[in-house]
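Asks: The lines below spell out each chain.
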Amino acid sequence: MKKVLRVFGVFLILLAVICAAGCVSPQQQEPTQLKIATTTSLYDTGLLDAVQDYYLENYNVDLLITSQGTGKAIASAKNGDVDVLLVHSPSQEAAFIDEGYGVNHRGIAYNYFIIVGPADDPAGIAGMTPEEGVAKLKELGDAGTEGIIFVSRGDNSGTHSAEKNIWKSAGFNYTAQITGSGPWYKETGAGMGDSLTTSGQLGAYILTDEATYLTYKKNNNLPLEVIIDEGASLLNRYSIMTISPAKYPDTNVKDATDFTNWLISEEGQNFIGAYGVEVYGKPLFTPMSTLKDSTLPPFNIDCKTPVVMPTA
Amino acid sequence: MGEITDGFLEAITLIITLNPEIMEIAGRSLYVSSLATIAAALIAIPIGAVIYYYDFRGKRTVINIVQTLYALPTVIVGLLVYLLVSNSGPLGSLKLLYTTNAMIIAQVILVSPLIVGLVIAALSGLDKEMKYTTMALNARAYRAMLTLVRETKFAILSAVVLAFGRAIAEVGAVMMVGGNIRHFTRTLTTAITLNTSMGEFSTSIALGIILLTIALVVNFGVNFFQHYNGRMKDD
Numbered sequence: 001m002k003k004v005l006r007v008f009g010v011f012l013i014l015l016a017v018i019c020a021a022g023c024v025s026p027q028q029q030e031p032t033q034l035k036i037a038t039t040t041s042l043y044d045t046g047l048l049d050a051v052q053d054y055y056l057e058n059y060n061v062d063l064l065i066t067s068q069g070t071g072k073a074i075a076s077a078k079n080g081d082v083d084v085l086l087v088h089s090p091s092q093e094a095a096f097i098d099e100g101y102g103v104n105h106r107g108i109a110y111n112y113f114i115i116v117g118p119a120d121d122p123a124g125i126a127g128m129t130p131e132e133g134v135a136k137l138k139e140l141g142d143a144g145t146e147g148i149i150f151v152s153r154g155d156n157s158g159t160h161s162a163e164k165n166i167w168k169s170a171g172f173n174y175t176a177q178i179t180g181s182g183p184w185y186k187e188t189g190a191g192m193g194d195s196l197t198t199s200g201q202l203g204a205y206i207l208t209d210e211a212t213y214l215t216y217k218k219n220n221n222l223p224l225e226v227i228i229d230e231g232a233s234l235l236n237r238y239s240i241m242t243i244s245p246a247k248y249p250d251t252n253v254k255d256a257t258d259f260t261n262w263l264i265s266e267e268g269q270n271f272i273g274a275y276g277v278e279v280y281g282k283p284l285f286t287p288m289s290t291l292k293d294s295t296l297p298p299f300n301i302d303c304k305t306p307v308v309m310p311t312a
Numbered sequence: 313m314g315e316i317t318d319g320f321l322e323a324i325t326l327i328i329t330l331n332p333e334i335m336e337i338a339g340r341s342l343y344v345s346s347l348a349t350i351a352a353a354l355i356a357i358p359i360g361a362v363i364y365y366y367d368f369r370g371k372r373t374v375i376n377i378v379q380t381l382y383a384l385p386t387v388i389v390g391l392l393v394y395l396l397v398s399n400s401g402p403l404g405s406l407k408l409l410y411t412t413n414a415m416i417i418a419q420v421i422l423v424s425p426l427i428v429g430l431v432i433a434a435l436s437g438l439d440k441e442m443k444y445t446t447m448a449l450n451a452r453a454y455r456a457m458l459t460l461v462r463e464t465k466f467a468i469l470s471a472v473v474l475a476f477g478r479a480i481a482e483v484g485a486v487m488m489v490g491g492n493i494r495h496f497t498r499t500l501t502t503a504i505t506l507n508t509s510m511g512e513f514s515t516s517i518a519l520g521i522i523l524l525t526i527a528l529v530v531n532f533g534v535n536f537f538q539h540y541n542g543r544m545k546d547d
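Order-wise, the sequence lines are chains U and C. Numbering of the first sequence is given in my numbering, commencing with residue 1 and proceeding in unit increments. Numbering of the second sequence is given in my numbering, commencing with residue 313 and proceeding in unit increments.
Take the hints with a grain of salt, since some may be wrong.
[Unchecked claim] Restricting the straight-line Cα-Cα distance to at most 25 Å, the calculated cross-link-like pairs of lysine-lysine (BS3-like) are:
| id | chain 1 | residue 1 | chain 2 | residue 2 |
| --- | --- | --- | --- | --- |
| 1 | C | Lys440 | C | Lys371 |
| 2 | C | Lys407 | U | Lys247 |
| 3 | U | Lys72 | C | Lys407 |
| 4 | C | Lys465 | C | Lys440 |
| 5 | U | Lys254 | C | Lys407 |
| 6 | U | Lys292 | U | Lys282 |
| 7 | C | Lys407 | U | Lys78 |
| 8 | U | Lys168 | U | Lys72 |
| 9 | U | Lys292 | U | Lys186 |
| 10 | U | Lys254 | U | Lys78 |
| 11 | U | Lys292 | U | Lys72 |
| 12 | U | Lys186 | U | Lys164 |
Rather than coming from a laboratory, the hints here were simulated on the basis of the structure.
Sequences and hints are given; from them, build the entire structure.
Replies: Here it is in structure tokens:
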């Protein structure tokens, strides 16, 4: 028993030393912390990790980034668990702002959703509009055609919302006609990367953002090719919002304001525009500021006016 | 097939070169799960001893409930702690969400029932005579319990090690309450989840190897310790 106690004592002393060393480590100025909730499709590209390193070094602010599906990210923002929300789902963003949770909404970047699928395109939908393409998939799927599968995120994410919008504009009622309508339509309930893997394994079609697809294609030899990449409904717009201090007065609005202004500044926009060129040969995101006027449809968002610090 | 071997080779390179980000993540996993296990042991061993020591109505039911909680799903614990410490939850003012402290709390809740149950089981393995003799020899109940716990220290140590294994290997709870934030709350398991969904399989494999190595070292350590102590007694 004495031995046990002695070993335990040594362990405690070691622990104390480690803790003490951690506390007195030389740091001239403790960085402040800004909590950001974002979506998997944005986070999985690695852009935000690069931003995190750069921003800490240059502005002494730690970006604490947690990535979830857009639905969960918005829920944690509504609970006041984060300071800033970085998402890509215009309808959910509008609701969030209307309910008074979000202020200082700015567009930061965009790219396009694409429909990817097996290289031999068993449904023969290459070259169609997204709406024609999904209608064809539904028709073949309902008929039980061998090898026709569509994989959906099924998790209320921004990508899932975009998919539902395409079904809607193709003339379908999503809840009544699409979800659960047969074995051809599979919902993973997982993040973008996981869903792409599933899709690759099944030889299925899937709607994805271009950035995650390129990342995944490169890292993982994903056996899927771009099938449809043109159509107005494929626009994927990323934006940032600060959680309103009227709802949660003790969030970090100062750093939230500075960070928003940095993202829409020339420096921030160049950073976004340059990300991925080295590795993928093309940028993963187009900075919003490259548009002549982002307030026009289909973008409908301000990306230039600096924000001022909101007050309760 | 190439993917797996390439992954392994790259994984081994990442480990040998002590890749700083991977080492940081491994360190955090060890820190969170060690503290959680120690805290859980300090809470659960006395509870287990008390449940064993006293006879009371509903004792069997209590033990049954404790044993059912062995299978407590990690995501349920995660959800529970998330709702408690979320800014709009009852403990929101403590600002615990997305911190390692919240992760420790979740793991304590997760593994405590396991230790309580196994402590009861270990003590129940003792001779009944021994229990009554000890009770008779010790005026104070806590001294008697201490004596009985000492008698079963190796079984209890194994329980604690098992609890540590459950804590360090779980992903659901730490993902929910920690948020998998790089440099802050990312652990081996959440990093494996993330890297897999990013298609970085070699990093995932490297992290997996480290996780298994930790489990292996801890188990070997305990075995060695038990063996060594057993021999000392025999001599």
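Asks: If a hint holds in the structure, say so; if it does not, say that too.
Replies: Verification of the supplied hints:
no.	hint	result
1	Lys440(C) to Lys371(C)	17 Å, holds
2	Lys407(C) to Lys247(U)	16 Å, holds
3	Lys72(U) to Lys407(C)	19 Å, holds
4	Lys465(C) to Lys440(C)	17 Å, holds
5	Lys254(U) to Lys407(C)	18 Å, holds
6	Lys292(U) to Lys282(U)	21 Å, holds
7	Lys407(C) to Lys78(U)	15 Å, holds
8	Lys168(U) to Lys72(U)	23 Å, holds
9	Lys292(U) to Lys186(U)	40 Å, violated
10	Lys254(U) to Lys78(U)	19 Å, holds
11	Lys292(U) to Lys72(U)	33 Å, violated
12	Lys186(U) to Lys164(U)	14 Å, holds
The structure is inconsistent with the numbered hints 9 and 11, although it conforms to all the rest.
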